[in-house]
Structures are given as structure tokens and as C-alpha cells.
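Asks: Given next are the chains, with one letter for each unit.
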Amino acid sequence: MSEKYSFSLTTFSPSGKLVQIEYAIKTVSEGSACLGIKVSAGVVLVAEKHLPALADASSIEKVCTVSPVCGVTFSGLAPDFATLCRKARKQCQVYNTLYGHYPACPAVVRQVSDTMQEYTQSGGVRPFGISCLFAGTGSPGGTGALFQLDPAGSAFEWKATAIGKHSVARQAFLEKRYAQAMSIDDTVSTALLVLKDGFEGQMSARNVEIGIYTTRDNAFRTLTDSETREYIAAI
Amino acid sequence: MSIMAYNGAAIMAMKGKNCVAIAADTRFGIQAQTVSTKFQKIFELGPRLYIGLAGLATDVQTVSERLKFRVNLYELRENRRVKPKTLLSVVSNLLYERRFGPYFVEPVIAGLDDVTSEPFVASLDLIGCPMVTEDFVVSGTCSEQMYGMCESVWSPDLDPDQLFEAISQALLNAADRDAVSGWGAVVHIIEKDKVTTRTLKARMD
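Read top to bottom, the protein sequences are chains W and G. Here the numbering used here is used: position 215 in the first sequence is 215, and no number is missing along the way. Here the numbering used here is used: position 61 in the second sequence is 61, and no number is missing along the way.
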């Protein structure tokens, strides 16, 4: 199969655009939403899980731990995310073997963005149909960082952002609500409030996932169902 | 004849109060024949970070070059200076990559953390086993003599001048008891705001 497709499937249009990437971005904007908020105390990731009524919620992971100091969530095609997550986890371990500590967020993002870019300029492959949000430490011993990666592999650092469905409205909401000095609890509540705007149905631990990076502990973890339920009840 | 004793070397590093010192002899010899008295065995990898390499001279040069390559790329990618502890991991990895055909070097690292200025000394064996100590590290053909001298002259929290005296005496007297070490010596005293490099007047035999 690879002999027949040794040319890149992502090619320029006469107007100078890479339409495959544009289409991938469209896939992302129709995918289930997620958002991230960075404050001095850390970074919060919140994601919406769109599940049919009989689906087992625990089998679907939207917020993933890439290393003890970095986590990621996405909007778009779930299998593409699983592949990238697996690659990112391995890259973190390789880095840890080489340097004796886990990479900070910018280093992880750099490697994942290289991978995503490869898939826009290689034979027989299509771009990843996801945009992801990385949360983790900004530099060894420093405060948190929040990065977005789009299907082209471009990285953007954000204070707060929303991607996926209804992202435009949620982004506007975030701009109004953002404050750098919020506590982690307040940040989670704000994130859930923003997610609630335009949310289909009732928010519950079944269709919302939360991941938190705290500067104080220099650690990222995903919340349990009961912790998620508590936060949702509090808003 | 051991390959680690083919060229001969005496290298040591010591911790002081908010400073570190690293010293080495400067002989380059081929078995009994001394060829140069100005051979570099200590290399700068950052403004407050030095590595000394004892062992086969060709590997001393190759390892220092290949290590600089890796450190340069790291600093470009990460946009910051490499920390002493991280350098220890990098060197360990570089050496273990050649586990079954190793570089014949035994490195010694001395430096101050780029952010906290915390003193750091460490050494590794030729296949990358790292060892971090709180006092001193030695490496070379006269390591037993150097251990004896360091144990005698070192005490904790020496200031830069006292540290200079201690490391110089330790190195000179140990190297004088070894046929293939000596023929000149160099000492670097690394402090938060400066590095002082001095060449010692050594026995040229």
C-alpha cells in the first residue's frame, strides 16, 4: 500500500491553502468540546464526553495523563488522540531516561507538534483530526502552562481557551470570566460554568472529565467520578 | 597494562561553601614517554559547569566533543542552561549507550546550579554509573592516592581560598606518587559570580 502512496496526500490548493488541514480543523470544531484555564495556582482541563445512554463511560478517556507532570485533552477523532497520547507518553519516558526528570510542557508540545507536522508532509498519511490542550509545568520549578496544538502541528500558548463545539461562545465567556489569581477550586468551577453554556443535557460525572495540574505539587492528575460530582454539584 | 593507565591522569572535584573546585594534571603521555605538559582534561559546559575526564586521551577528547554536541542541542531546544544534575544523566546515558564497547573515560562533574547556585559534584564509571557525593570525587590512575589526600585535607564549608589550597595540595601530592600523572596541574574555582583558573607550579617529573 505504501508503494502506491509515496506522495503526500496533503497538497497545496491554488489559493495557497492546505485543504486537508482545513477539513481537519472542521472535524475538530464539530467534536465534543474541551477547555483549559491557566492560573498561578495551576492549570485546569475540562472535557465533555458525548456518550449514548447505554455506553460505559469509564471505558472512554478524554483527559489523559502523559507524564506525572503533564496531561492532555482533545476535541476531534478519539482514535487519533489515542495514538498521539501513546506516542507522547513514550516520548516522555525516553526524555526521563535521558535527563533524569520528566519534560516540561513546552518540551512535550514541541515533540508532539513535530509528530503532527510529519503527518502533513509524509507519503500515504492524513493529518490528525484533533486539536489538543496540554497542561503541565512551564519550566522545571516554574508555574503551569497551557498549550493548544492544532492538526497542522502549530502550538499556541494560552491563558484560557475552549475548543470543539460552541468554542467561539465559550471563548468569549472565558474572556469575561478569566482572572489569573483564582484558586484551583474557583478555576474548576469557572471552567464547568463555561462548559455548561451550550452543554447538551445535564452535566454529570458520566459526561464530564476534569484534569488538574497544581503548581504547588508539580503534578497532574485526573479527578475521580466522585470528585467530579462534587465540583458539578457546587456550581 | 591497563588501557585506563595508557595515558595517565589525576582529576578531582571538591565541594566548598557556595563554591566548587575542579582540578586536573596536564600531562599527556604514551606509557612512559611524556609527550605534552599542557593537555586539557577539564572542559567547560556552562558558565558554572565543568567536566573533567580521566582515561584514554583519545576518548577524553571524543567524549568531551560528543557531550558538547548533546548539551548544545539541549540548550537550544530547552532555551535554558543545562543543570548539573541533568548533565549527570546525559553523561550516564552517553556512556551506557556504549555498554559493550565503552569509552575508556571516567568523568568527574563539578558545578553550581544555574538557578539556585547550589554546589554539585559527581563522578561516573566508564559505563555510566553515576555517583553524587557531598564532599569530593576523584578519578584517574592515582585514585587511591587522591582518596587518601582528599580525606585528609577536605572539611565541609571551606571558603574559595581554603578550597583552593585543599584541592591543590591533594592533587599535587597524590600525582607525585604516580609515575604517569603530574607534569603540571590546573585548578578551577567556581563561585556564583566568577570562575578563577590557576595553573599550579608542579614537579615536572
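Hints are computed from structural coordinates only; laboratory data are not their basis. In this text, all values refer to a predicted model and were calculated from it rather than measured experimentally. Certain hints may be false.
[Said to hold, decoys possible] Derived SDA-like pairs: lysine to any residue, alpha-carbon spacing no greater than 20 Å straight-line:
1. W:K26 - W:P140
2. G:K192 - G:D114
3. G:K85 - W:P140
4. W:K90 - G:K192
5. W:K17 - W:G141
6. G:K85 - W:Q202
7. G:K85 - W:K17
8. G:K68 - W:E61
9. G:K85 - W:L98
10. G:K68 - W:T97
11. G:K85 - W:V125
Asks: Any hints this thing doesn't respect? Which numbers, in order?
Replies: Checked against the structure, the hints that fail are numbers 1, 4, 5, 6, 7, 8, 11, while the rest are satisfied.
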